[in-house]
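Protein sequences appear in the order of chains W and U. For the first sequence, the residue numbers in the working numbering are 1 to 320. For the second sequence, the residue numbers in the working numbering are 1 to 412.
Some clues are possibly wrong.
[Unchecked claim] On the chain U side, residues computed to face chain W include the following (Cβ under 7 angstroms): (1) Val-37; (2) Gly-40; (3) Lys-51; (4) Gln-136; (5) Phe-163; (6) Ile-233.
Hints are computed from structural coordinates only; laboratory data are not their basis. Where is the CB? At the ideal position from N, CA and C, for every residue including glycine.
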Amino acid sequence: MENTAAAHAPSLDAGGPAPLPMVLRRRLRIGEGIIQTFLFFAGALSIVTTIGIVFVLGSESLLFFRDPRVGLVEFLTGTRWQPTILEFGILPLTSSTLITSTIALVVSLPLGLGAAIYLSEYASQRARSVLKPILEILAGIPTVVYGYFALTFMTPGLRSIFGAETVQIYNMASGGIVMGIMILPLISSMSEDALNAVPRSLREAAYAVGATRLETALRVVVPAALSGIVAAFIVGMSRALGETMIVLISVGAGPDLTLNPFRGAETITGHIARISGGDLSYNSLDYNSLFALGLVLFLITLTLNFVSRRIVSRLREVYE
Amino acid sequence: MTSPIPGGVTERYRTDVPARRRRGRIMQGVFLISMVVALGALAALGYTVFKETFGLVAIEDTLEPGELSVSPLEKISHDELVAILQSHVSPAVFRRLDGERPFAERSRQDVYDIVIDRVVEPEVVGSWPLNEALFQRSAIETETAHDHPQARLQWKSWVGAEFLARPMSSDPARAGVRTALLGSLWMIAITLVVAFPLGVASAIYLEEYATRSRMSRLIQTNIDNLAGVPSIIYGMLGLAVFVRVLGPLTSGAAFGITDTNGRTVLSAGLTMALLILPVIIINAQEAIRAVPSSLLEAAYGLGATKWQTVWGHVLPYALPGILTGTILAMSRAIGETAPLIVVGASTYIVADPSGPFSKFTALPIQIYNWTSRPQDLFRDIAAAAIVVLLATLLSINAAAILLRDRFSRRVQ
Numbered sequence: 001m002e003n004t005a006a007a008h009a010p011s012l013d014a015g016g017p018a019p020l021p022m023v024l025r026r027r028l029r030i031g032e033g034i035i036q037t038f039l040f041f042a043g044a045l046s047i048v049t050t051i052g053i054v055f056v057l058g059s060e061s062l063l064f065f066r067d068p069r070v071g072l073v074e075f076l077t078g079t080r081w082q083p084t085i086l087e088f089g090i091l092p093l094t095s096s097t098l099i100t101s102t103i104a105l106v107v108s109l110p111l112g113l114g115a116a117i118y119l120s121e122y123a124s125q126r127a128r129s130v131l132k133p134i135l136e137i138l139a140g141i142p143t144v145v146y147g148y149f150a151l152t153f154m155t156p157g158l159r160s161i162f163g164a165e166t167v168q169i170y171n172m173a174s175g176g177i178v179m180g181i182m183i184l185p186l187i188s189s190m191s192e193d194a195l196n197a198v199p200r201s202l203r204e205a206a207y208a209v210g211a212t213r214l215e216t217a218l219r220v221v222v223p224a225a226l227s228g229i230v231a232a233f234i235v236g237m238s239r240a241l242g243e244t245m246i247v248l249i250s251v252g253a254g255p256d257l258t259l260n261p262f263r264g265a266e267t268i269t270g271h272i273a274r275i276s277g278g279d280l281s282y283n284s285l286d287y288n289s290l291f292a293l294g295l296v297l298f299l300i301t302l303t304l305n306f307v308s309r310r311i312v313s314r315l316r317e318v319y320e
Numbered sequence: 001m002t003s004p005i006p007g008g009v010t011e012r013y014r015t016d017v018p019a020r021r022r023r024g025r026i027m028q029g030v031f032l033i034s035m036v037v038a039l040g041a042l043a044a045l046g047y048t049v050f051k052e053t054f055g056l057v058a059i060e061d062t063l064e065p066g067e068l069s070v071s072p073l074e075k076i077s078h079d080e081l082v083a084i085l086q087s088h089v090s091p092a093v094f095r096r097l098d099g100e101r102p103f104a105e106r107s108r109q110d111v112y113d114i115v116i117d118r119v120v121e122p123e124v125v126g127s128w129p130l131n132e133a134l135f136q137r138s139a140i141e142t143e144t145a146h147d148h149p150q151a152r153l154q155w156k157s158w159v160g161a162e163f164l165a166r167p168m169s170s171d172p173a174r175a176g177v178r179t180a181l182l183g184s185l186w187m188i189a190i191t192l193v194v195a196f197p198l199g200v201a202s203a204i205y206l207e208e209y210a211t212r213s214r215m216s217r218l219i220q221t222n223i224d225n226l227a228g229v230p231s232i233i234y235g236m237l238g239l240a241v242f243v244r245v246l247g248p249l250t251s252g253a254a255f256g257i258t259d260t261n262g263r264t265v266l267s268a269g270l271t272m273a274l275l276i277l278p279v280i281i282i283n284a285q286e287a288i289r290a291v292p293s294s295l296l297e298a299a300y301g302l303g304a305t306k307w308q309t310v311w312g313h314v315l316p317y318a319l320p321g322i323l324t325g326t327i328l329a330m331s332r333a334i335g336e337t338a339p340l341i342v343v344g345a346s347t348y349i350v351a352d353p354s355g356p357f358s359k360f361t362a363l364p365i366q367i368y369n370w371t372s373r374p375q376d377l378f379r380d381i382a383a384a385a386i387v388v389l390l391a392t393l394l395s396i397n398a399a400a401i402l403l404r405d406r407f408s409r410r411v412q
């Protein structure tokens, strides 16, 4: 972007102060001004959106924490989330959010990376042109469909493997695994971009000293693309933390503090969706508590996205 | 292996080669397997939806047609059908049906349908997915004969013209997606009308107008960040701003409509517009950036103003890319569920949405609602609704490809 902007800029003033006929002299164009103002406001709308998000989440959270029945320390360290008896401890929600996301990453990182290495280092041009669109289909499927898949395919599957007594109908494992499938195309396409960005000369150097294709891929290309792969991992993590429908449908509806992935629990997003979907009166502590949860979620995902973009831009600087 | 080869030890490396090659082949298999697992997941997903959508059902009539008349119902005349109806439904229901449209004016087929619907009342008492229907047919027949001796087995496709045309119902065998589909269309129309012009304008500003100031860098970073915000957060923004604060506007109260609150299709469309705006902007920016600078230089060289250049040269050239990006964003909006739940889509709506101020339900909401019910039949219609949703997404994407091809041919 910066290149083109720089290329355009001088062409505007290139006319210089050469004498022009009267009609061509610079004149005031009101239409241009109006259009430019409109374009500027359209661009600034995104800032307004961000301010809106921060303001809404912040102000409602403030109302929540100002309430004498709630304390910030209790919110962050409490082990029970039961709004009906005024217990607002976020730990059961964060722990299940982390467990499902971890399962998702454990599934999607090796698979996504493997698929990316296959596509960028092994697959023929033709195989790639068939396989990539199929992965993109996987990325385009709505998450509610994945939720259905988790409940009607993954859960019965897990129950028949590990036994119906160990695996509850609503459990974190099946939601986590399906979430892993959902973010797999994201991880594989971001990692593949990173692998493709590694200059050809590095590969050729490796081949020249006698490395096999695998050695080149694992010891030269992957380490060179590592920061991009880490970025993919972080974006995948942020996507998994913010994913709602899969966990809402398949993980359960009770905020229990448990580390057993075969038991039901409730994630932050699942809780927000379930409570706000019901009849909720504004100005209640319940309503405000959702925004406090939203704020926590927003801050975590924002940080993760920010870190990952920093890493990607640094990678770009190295190779371009 | 990574250390530089010292002189005189080539022999050692030569003996290594078969083992290294073997390791290479094994790992190639491993990489291929991860690709296959991804494809397998897609296949499993398709299979799960497909097998629930089609299958066998056991249907039991509340009243046997044989008890209604001696000759088969298909054969008897209009008047006889009306007589059957009159003697089997309550007088109030009969009067109401007659009031809707007099029986004398109704066609024979119409009356026949009413008789089947109201008197025979076929009821689905069992349902089996496609895999069981194909491979365990005899077991199903025995089970049905034992549990429901009156019932008959027949093939059923849950998705079909009727499924598309019928409104929501609490009886899964009679439920359809008509209201949900219309709700989704209304929402997406509002989303597009708002997000497309704003998104393209924003991209034009950032690419063509903004100098490299701190402000434009801030906007750029901000858009990238917004693209990564979880969709449920947008839902909360919509709930607090469009539903609550702007409630008088989005509910239509300011325009004299009184029967709703802010949980309308308008609020949902606006929320969705904010959600897909970053996607549209980022894609449009890429399309605009790809316009060769020679094109702009030529326009400027002829003395065109900035806007004339943008409108006459940049936009036509970038349009295919912009449209593709917009359609991508649109398919995301159609499938999004979480923000709609938060903004407050209703799950049980029978009336078609009549305008931007009506309460609404949407296709993904309907899928979620049916999926979370315990009865098997709801699982089947959830699968059917998924088929409708995926078919919608597929046709939109096909349209995108066609559009892009057509435009790019005209410009280049």
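Note to self: The hint names Lys-51 of chain U as touching chain W; please verify it with the least Cβ-Cβ distance against 7 angstroms.
What the structure shows: Lys-51 of chain U check fails; min Cβ-Cβ to chain W is 10 angstroms, beyond 7 angstroms.
Q. For the hint on Phe-163 of chain U, does the least C-beta distance to chain W fall short of 7 angstroms?
A. 17 angstroms, violated
Exercise for the section: Go through the hint on Gly-40 of chain U and say holds or violated, using the shortest Cβ distance to chain W against 7 angstroms. Expected result: The hint is violated - Gly-40 of chain U has no Cβ within 7 angstroms of chain W, the shortest such distance being about 10 angstroms.
Interface hint for Gln-136 of chain U, Cβ within 7 angstroms of any Cβ on chain W = Constraint on Gln-136 of chain U not satisfied, violated at 16 angstroms.
- At a threshold of 7 angstroms, is the proposed contact between Ile-233 of chain U and chain W supported by beta-carbon distances? It holds, given that the least Cβ distance between Ile-233 of chain U and chain W is near 5 angstroms, below 7 angstroms.
Is the shortest C-beta separation between Val-37 of chain U and chain W less than 7 angstroms? 6 angstroms, holds
Hints 2, 3, 4, 5 from the earlier list are contradicted by this structure; the remaining hints agree with it.
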